[in-house]
Structures are given as structure tokens and as C-alpha cells.
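There are 2 protein chains.
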Amino acid sequence: MMNQIIETIHIDRLVKNFAKAPHKVGDTHESDAEIIDLGKGVPNYLAVTTDALVEEVSSGLYDDPYFIGWMLAMSNFSDLAAVGADPLGLLLSVSYPSNGKNRFAERFAKGVSKACEMLETYVIGGDTNHGEEPLFSATAVGLVPKRSILTRMGASVKDRLYLSHPAGLGNVYAFLKMSRMNVRLPGMLYKPMARIKEGKLLRYFASSCMDTSDGVLHAVDTLMRLNTSQFALSSDWARICHPMAYRMCRFKSIPPWLALAGIHGEFELVFTVKPQRESRFLEAASKIGWDPILIGEVRQGQGITIKNTNGNVPLDTTAIRNLSEQAGRDAQSYIRQLVQIAKETGIA
Amino acid sequence: MMNQIIETIHIDRLVKNFAKAPHKVGDTHESDAEIIDLGKGVPNYLAVTTDALVEEVSSGLYDDPYFIGWMLAMSNFSDLAAVGADPLGLLLSVSYPSNGKNRFAERFAKGVSKACEMLETYVIGGDTNHGEEPLFSATAVGLVPKRSILTRMGASVKDRLYLSHPAGLGNVYAFLKMSRMNVRLPGMLYKPMARIKEGKLLRYFASSCMDTSDGVLHAVDTLMRLNTSQFALSSDWARICHPMAYRMCRFKSIPPWLALAGIHGEFELVFTVKPQRESRFLEAASKIGWDPILIGEVRQGQGITIKNTNGNVPLDTTAIRNLSEQAGRDAQSYIRQLVQIAKETGIA
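For the protein sequence lines, the chains are A and B, in the order given. Using my numbering, read the first sequence as starting at 1 and increasing by one per residue. Using my numbering, read the second sequence as starting at 1 and increasing by one per residue.
Only chain A is shown next, with the shape it has when bound in the complex:
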């Protein structure tokens, strides 16, 4: 089922050229970060992930250097959060023009630094280059106990589907930014946090997990495909969507769930919990001051459904996800087509 997704096809085409490392745990697509066995006697796996900001910068979606630094760090740590890892730190691989742009470098560094501080972790290395074209790539490394590994695999029928916190602000940010309604958004509205603390709890309780960096629906859809079952979403959007995302959608007469369907997410976690572990999980979450949001359940069958007054309506997530291939190139057309798909489903 994964091979219906254009992005997956692109990745597989590259990956087929590479031999599989014997010390790598799991296959491509099966976890947000790579899980590496460091050998017998070592109690932890190494979790490592790399993520670059490309379309986000070239499209103008991210234009503030502090924000670019923040997002670069958070996007990498979010992948560690989704495998339940404790971060060891971040390596930067960056390039920008050297002439007079020292203020850019400084503000960028401060964004990275603040993000690391918020997560109680560090920049541990990097490579700086100078070139006309900006380059913002990073790698996060961490450790996860071998006994409590968390991946995208392991959801099964009757599992409860959760979201770490209300979501959808990422898409609202992108919508406003690409609509040129430039109201000094970053910092004010949208400054997402990687859910490291939550991930460290989830490694003991969740059966599968993925971050929402490409949107909530994208994460739910990937878990559905990898675990070949039906993921049924509830539709009380006022509870699932971030209040600001919910109000913005209502104000614009857009179905609120589109804030979860767009490709520009945030760093929440979508995860499943076995029903018999649910009460203990919620108790443990409550102890760290965390109130996870139940958004649905895993059922027999396939695909994504959304509950509305007519029962469970199937959603063509393949079409929605493949639409996102053009999001970086033509944001206006992407949003238009997304709204069109939403209208056709009849889900309000």
C-alpha cells in the first residue's frame, strides 16, 4: 500500500541502490528515525535522523533566520521523539553567502540554540560552508533503550488512536504565509516544539508512533498503510484542532479537518495504544502534566475513515497525499485542490 504514494516511490527508487546494513533495526519507512544496534552489551540503540529544510526556505515559507534555525533543530528532534529517544545532540550542515550576512548566521544560530535549550540538548558539531544558495540540513542523534523501542509498526485492531496535543497550526501558518497575509507570524503564532518528553513516555506505552511534521493525516495514513488496518477518525474537530486553527478554518469557511490534511504540519505525535494499557498510559501522562487527545481507533479493514452523521466516511488519502507533491511549487493551486477534495467528501 505504501507504493501508492509518490514520495514513497521516490525514496524507494533511491534506497534500492543501497545494501541493507545488518545492524540496522527495521526497514525504510518503518520509523521516523533510524535505529542502529551498537552491539551486544550496550543497553541502548542509537537513534539517528537527518532532515533538511529545502522547499520551506526556497518557497519563502520560512524566511526569518531565527525561525529557520528553530525549525531545523525541532524537525530533527521530532523524529527522535517519535522513536522515544533521549537526544544526545544535533549536528548542523549549513551554507549561506559569507559577505556581510553575519547577522543572518547569528540569528540562525540563536534559533538553533534556543530550540536545543528548550529540549535540554545541544549542538554537538557541524559543517559550515559558503555558497550563493542557502543550505540548511541537520542530523540529530539520540539513544533509546533496547527493551522499549518505538516505531511506526505494531498497531492492531482495537488500538486507540491518539494525538499528543491539538494540531493544525502548521497548515494555518503555511496558508496565511503563502496567501501573503504576512502578519509577522513566526514566534507569535507558530513555534512548534518537538515532543521529546512525551516520546520518552510513549516508548513504554504506545504500540506505534509517528510525528506530524507532514501533517496529522499524513501520519495517520502512514500508520494505516504500514499496519494494514482501518484507522477510523472521530470528527470533533474543536477538540482535535488547535483552537487558533479551528477558528481560522471556521472564519474562512474551510472544513477544520483540512488543517490536519495539509502537508505542512507541526511536531505533534500520532500514536496508538493497546486498550488494555490505556488507563495506565493516561495515568502516567497525567503525572507529567500531559493530556493526550483521543482521535480515533484502529479497526478491521483498510483505509482512513472519518465519522460524521452518515457513519464512517472513507477518505481518499492517496489523492490527498499525492496532491502535496506540488505544494512547494504552487501553494495556491494546492490549497484550492485540497478544498475541492474536501467538498467532494462531504465531511464538514
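In short, the hints are calculated from the structure, not lab data. Worth double-checking, as some hints may not be accurate.
Any copy, or any two copies together, can satisfy a pair, since identical chains are not distinguished.
[Stated by the list, open to error] Lysine-lysine pairs mimicking DSSO-like chemistry, simulated, CA-CA at most 27 Å apart:
id, residue 1, residue 2
1, Lys-197, Lys-110
2, Lys-307, Lys-252
3, Lys-197, Lys-20
4, Lys-20, Lys-191
5, Lys-24, Lys-146
6, Lys-16, Lys-110
7, Lys-114, Lys-16
8, Lys-40, Lys-20
9, Lys-191, Lys-146
10, Lys-40, Lys-200
11, Lys-252, Lys-24
12, Lys-110, Lys-24
13, Lys-24, Lys-40
14, Lys-24, Lys-200
15, Lys-191, Lys-16
16, Lys-252, Lys-287
Note that this is a predicted model, so its numbers are computed, not measured.
Chain B: place on chain A using the hints.
Just chain B now, kept in the frame of chain A:
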């Protein structure tokens, strides 16, 4: 002394924004790869490094996708070699235009794959993006025994200075390529290997080590500055320079040591060995079929000297290294000025 070097100033300006990680071993500049303590009871340190190809690609120095892949992998593994690490694998962070360039992606992947195969290691993950501007960044991770850590620090007076294999081909490649003498160079002439096998031996024998990715002189100069002593080079270039580099310089009437002075190196290792360990080191090297090249010794004092008929001639390596700041932008002028400096020293 490090703060005389423009590149170092740039890095320090960025690094000063970041808090130092308590589990990071050593300071910035002190090793080719970052050394991370994974906690008590774990016998190895994690070695991790990130390196992007920016100027090399934008200047046209690297234009063959297979070669770009090869160099991206080797440059990262070379940093692991210089700290004596066993590689666990490579993560790629790449971006290129998506339309029709699948052959590019495939050839690039094959270059990476072959490089990994040659070093008996693997691609373990990555991030693929699509954008107009190419992006080639990678991260290599490995392990090094805590008992036998190898860094740039630890050289002292009377240490013997070695080079892993004859060098200088990197600069000859760059010279020919930038002079538009395009004789289908990559693969034929210049396909440098990271010295992983050698590094794994050096972690038991060397007192300091650095790779020659920015040239041999750059590495010797950095070791000199970090260990505050004089590094005296011998001048039998026919033995130190790669035969093809030596002949090319003679043919062009350029002093052969300029092949070691330019900024475009290869992946050899420059290292120091304590005199009392030298014979056991050479014996161990011989057993793995390796013949390291003695290129000088560490003395009391400061700076780099080159032995010629007039004794030990001091070399203004600060000027040579800072000249390289313009190498990516104006290769012709860089080479001209390098030759000029060489003439002024009188070292043939």
C-alpha cells in the same frame, strides 16, 4: 594561534552561540569527527561527523553524479578514519530537481553505494528533497573504543610526522579541472579512498591525526597550531607526492610541494607517532600491507618549516591557508597567488 585562520574565525563565531554538551569529548577543532560519550558501561565512544559538498559542486569541480556520490561518502568517512572509528554507516541529506533527473539520482546513489561497499559499510538513512538548487550533505556515524581515542591533540616534540600514502592528487585534479583541461578525470585519475583501515591501526599508535581533505599542508598546519610546536617537513617530494602529482608539477614547472599546499586535498591521514612507538607501529602497518610515509618531525618552537639546502625554511602557512578562502570563487587567481608565494619562499 588557531584564530589567525579566517575559516576558524567563521566557525568560532557560529559556535559561540551554542552551549557545550557535557557528554562531548574535546573541544571544537580538536578532532575531525565529534566524539560523544554514550554513558558508563558502554565500551565505545560514538564518532559522528557531517560534511556537505557545496563549493565543489557550485564551482563545477565535481560535476559527475557518480563522483559526487563517491566524494560525499568518502569525505564523511575520512573524518571517521581520522579519529580511528569503525563506521556504522552514512545518512544522506540530498536535494535535486525532480523532473526527469532520475538518471542523476541513480548515478549519484551508485557512487555513494560503491564508496560504502569499498569501506565495508552502509547507507543507513537519509532525507530526500526536491529543489532547483542541488544539495549534497551527509553524516557518518561510527564507534571508537574509549581506551584508544585518536584526535588532533597529543603531538609533542620529537614525535615523528607521517602521511598515510603519497598525496597531492586532489590539487592536481582541481588544477586540471579548473583549467578546463577536461580529460575525463574522475574515476581515471582521482578517486580517493577514506583510510578507515589505517585509522583503526592509528588509534593504537598515533599521538595525533587529521585527514588531508583540505590538503596536506592544511592538516600539518592545524596539528602544529593545536599542539603549539614546530612541524619540520622534509622535502623529498618525489617520495611524499603522488607520482602523478609529482610529474605534473615538474612538467608545469611548479614546485611539487604546492600539490600539498592547495586547499583541495584527498583523504590521506597526517599523523604523529612517538619515537618509542615507531618501530612497533611500522611493524603493525607492514602486517596489513601498509607502507606509511615519514614526512618530518615535531620540534621545539612554532610554525611550519621545510628542509632544503639552506636548512629549515619557515613557511607562512597563515597566508597560504587564508588565500584558500577565495579558492571556490576564483580558482585561477588562487592558483596564481599560491605559485607567487611559493616563488617567494625559494623552496623548490
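message: Checking an output row: Lys-307 and Lys-252, CA cutoff 27 Å. Within, between, both or neither?
response: Classified as within; 23 Å inside a copy, 77 Å across copies.
- prompt: How would you label the pair Lys-110, Lys-24 (within, between, both, or neither) given a Cα cut-off of 27 Å?
  reply: between (34 Å within a copy, 20 Å between copies)
- prompt: Is it within, between, both or neither when you check Lys-197 against Lys-20 at 27 Å Cα-Cα?
  reply: between (31 Å within a copy, 22 Å between copies)
query: Can you tell me if Lys-197 and Lys-110 fall within 27 Å by alpha carbon in one copy, between copies, both or neither?
result: within (22 Å within a copy, 39 Å between copies)
query: How would you label the pair Lys-40, Lys-20 (within, between, both, or neither) given a Cα cut-off of 27 Å?
result: For Lys-40 and Lys-20, the Cα distance is within 27 Å only inside one copy (20 Å; across copies 30 Å).
Intra/inter-copy verdict for Lys-252 and Lys-24 if alpha-carbon distance must be at most 27 Å: neither (46 Å within a copy, 50 Å between copies)
- prompt: Is it within, between, both, or neither for Lys-24 and Lys-200, if the alpha carbons may be no more than 27 Å apart?
  reply: both (21 Å within a copy, 22 Å between copies)
query: With identical chains treated as interchangeable, where does the CA-CA distance between Lys-114 and Lys-16 reach 27 Å or less: within a copy, between copies, both, or neither?
result: For Lys-114 and Lys-16, the Cα distance is within 27 Å only across copies (13 Å; inside one copy 38 Å).
query: How do Lys-191 and Lys-16 come out at 27 Å by Cα distance, when the copy is not named: within, between, both, or neither?
result: between (36 Å within a copy, 24 Å between copies)
message: Checking an output row: Lys-16 and Lys-110, CA cutoff 27 Å. Within, between, both or neither?
response: between (39 Å within a copy, 10 Å between copies)
Copy assignment of Lys-24 with Lys-40, given that the CA separation must stay at most 27 Å: Close inside one copy (14 Å) and across copies (23 Å); limit 27 Å.
query: Under a CA distance limit of 27 Å, which applies to Lys-40 and Lys-200: within one copy, between copies, both, or neither?
result: Close inside one copy (23 Å) and across copies (20 Å); limit 27 Å.
Checked against the numbered hints listed earlier, the structure breaks hints 9, 11 and 16; every other hint is satisfied.
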